[in-house]
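Visitor: Chain residues, written in single-letter form:
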Amino acid sequence: MTALVLLDHDGSAIKQPARSAVAAALHLGEVHVLVAGHGARAAAEAAGLLPGVTKVLYADNEAFAHGLAEPLAALLVALAPGYTHVLVAATAAGKNVLPRAAALMDSQPISEVAGVIDADTFVRPIYAGNALATVRSSDAIKFLTVRAASFDPVAAEGGSAKVEDAPGIALPTLSRFVSAELSRSERPELTAARVVISGGRGMQNGENFKLIEPIADRLGAAVGASRAAVDAGFVPNDYQVGQTGKIVAPDLYVAIGISGAIQHLAGMKDSKVIVAINKDEEAPIFQVADYGLVADLFKALPELAAELERTA
Amino acid sequence: MKILVPVKRVVDYNVKVRVKADGTGVETAGVKMSMNPFDEIAVEEAVRLKEKGIATEIVAVSLGIAACAETIRTALAMGADRGILVETDVDLQPLAVAKLLKALAEREQPGLMILGKQAIDDDMSSTGQMLAALLGWPQGTFASKLVFENGGLTVTREVDGGLETVALSLPAIVTTDLRLNEPRYASLPNIMKARKKPIETLKPADLGVDPAPRLTVLKVVEPAKRKAGAKVGSVAELVQKLRTEAKVI
Ligand SMILES: Cc1cc2nc3c(=O)[nH]c(=O)nc-3n(C[C@H](O)[C@H](O)[C@H](O)COP(=O)(O)OP(=O)(O)OC[C@H]3O[C@@H](n4cnc5c(N)ncnc54)[C@H](O)[C@@H]3O)c2cc1C
Ligand SMILES: Nc1ncnc2c1ncn2[C@@H]1O[C@H](COP(=O)(O)O)[C@@H](O)[C@H]1O
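Protein sequences appear in the order of chains A and B.
Counting in my numbering, the first sequence runs from 1 upward without gaps.
Counting in my numbering, the second sequence runs from 1001 upward without gaps.
There's no promise every hint is true.
If you anchor each label on the Cβ, the simulated ranges turn out as follows [stated by the list, open to error]:
#, chain 1, residue 1, chain 2, residue 2, range
1, A, Lys162, B, Arg1107, 46 to 56 Å
2, B, Arg1048, A, Gly158, 18 to 28 Å
3, A, Arg176, B, Ile1054, 12 to 22 Å
4, A, Arg218, B, Asn1190, 47 to 57 Å
Calculated pairs, EDC-like style, for lysine to aspartate or glutamate (alpha carbon to alpha carbon, straight line, at most 16 Å) [stated by the list, open to error]:
#, chain 1, residue 1, chain 2, residue 2
5, B, Lys1231, A, Asp296
6, B, Lys1231, A, Glu282
7, B, Lys1145, A, Glu181
8, B, Lys1231, A, Asp280
9, B, Lys1219, A, Asp120
Simulated from the structure, these hints should not be mistaken for lab results.
C-beta: ideal position from N, C-alpha, C; glycine also.
Could you build the full structure based on these sequences and the hints that come with them?
Guide: Structure follows, in structure tokens:
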């Protein structure tokens, strides 16, 4: 049994969720990985260093430069017959392409896999994580998206797999990349951070998110948000944590001015330690918080920044 | 341009679902059911496109048990013109839904199909992508903005690092993200009018599709419950506990 993992990369390094997908694949057998991009050989070389990987396929084409689903799915379909499983991290990019490839192979994909029981049997959350389903696939080739928060990523280095060029194939031109407007941040990515600090509607506006910054700086944290905070335009969409946003499981999650709706909990309740700061002592977030502070955030955040500074 | 909008009947998002004692699934008997929230956004977008003169007809489609007709009625009350119910008691999985929708697309020849990005019951987030694949159409998933120009469509998508815009040829598949629009409430007169709009009922066999599931659900369990911890009295106590007790900072 050999699994193929499509890796998410930035042109030179492999993203952490992709390393979690490799970790999941290692439960299934031998692991080959696929790096698709344009001028991204450095990323393919980096993929070769992932422990446990025995082969890197590198596909270089302008059509792969922006991760468009149509050409990427065509590439996966060309390669899939050599494998028992095709995996990708369950990021927006992964979810965009994998089901497309699966359908072309007449396979029912399994989304957000959080556990591998055996080659055919997987655990996945349903209903915003309020239930866990164990499902068995009867398809010849299994297509999985992997919930990165459920698998510790493999290390970035330690392996020594060779890089081979993927076979060239005819690529569809159904869509065209126009532009991207990516949030720039010096902070770690939400799905890779050891500490995440999220703000909700209680933050009142985008400007107030600055109150979180000195704390995030001190803790090396990523900043996230509830849907309400994103919808209100306080922060960009890619900050959203939850059932329909990003799923995170950091060592420490701090929820500030967030009530704790099930859709939000779905994205963070597997964090190791949860802290909630909320002025309403009845807020549901306190039912999942290890440490709850009933306080006005506008008073608590400056105090927290000062206390971290003082006791550092 | 005709638009087809698949709308799924799901447990209402406000319901706290309960896992059945026998571990076969979640309790749905006597539970409030609604249109999948992302599908409301899809219907709303289609109605706006009709109001702008870009769409000429909106067909709402639901697949599943007879009660899915109610979900179609909701779409009709929001402004869809007619409905198609593909009725079956089979547990429909996204691949089967995609195949049935493909057959409907071949019959109806829409210029655009708008689906939700995710059904909030199975959380699969895959039907639109599979349908696009089977039809050989381009896909604009997780859309937060649609612009029609020069016979094509540009879609702004919510991606991992922010936003991305892609241009698609038509016909195309779009799946909705939360910020595409805010769905309207159906007015009473529109709810009354919707009662007279036609709903056609078909069976999977009429569309030549075998809807048998590919995934067998072996069991469904409740996840481990998180225990509420302690309240702390001050910021200083919080920092001290995080350092010495939880050891996470
Ligand atoms: C289909 C669907 C998908 C969804 N997906 C997501 C998702 O992925 N992620 C997500 O987060 N939500 C999601 N939601 C929305 C979710 O249901 C909630 O509406 C949302 O999480 C609420 O955000 P909030 O907690 O910031 O706001 P609110 O519920 O309004 O809570 C604000 C909190 O701030 C507190 N507060 C106010 N002022 C202060 C102050 N000065 N100091 C301290 N505390 C204060 C209040 O006590 C309150 O508890 C989804 C909803 C639907 C229908
Ligand atoms: N049984 C169904 N009836 C109508 N539409 C459906 C059905 N199942 C899925 N869909 C559509 O596919 C979208 C994504 O569903 P899923 O891939 O299951 O998360 C939904 O938002 C609907 O638009």
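Visitor: Now, for every hint given, state plainly whether the structure supports it.
Guide: Hint-by-hint comparison with the structure:
no.: 1; hint: A/Lys162 - B/Arg1107: 46 to 56 Å; verdict: holds, 50 Å
no.: 2; hint: B/Arg1048 - A/Gly158: 18 to 28 Å; verdict: violated, 53 Å
no.: 3; hint: A/Arg176 - B/Ile1054: 12 to 22 Å; verdict: holds, 20 Å
no.: 4; hint: A/Arg218 - B/Asn1190: 47 to 57 Å; verdict: holds, 54 Å
no.: 5; hint: B/Lys1231 - A/Asp296; verdict: holds, 14 Å
no.: 6; hint: B/Lys1231 - A/Glu282; verdict: holds, 12 Å
no.: 7; hint: B/Lys1145 - A/Glu181; verdict: holds, 13 Å
no.: 8; hint: B/Lys1231 - A/Asp280; verdict: holds, 12 Å
no.: 9; hint: B/Lys1219 - A/Asp120; verdict: holds, 14 Å
Checked against the numbered hints listed earlier, the structure breaks hint 2 alone; every other hint is satisfied.
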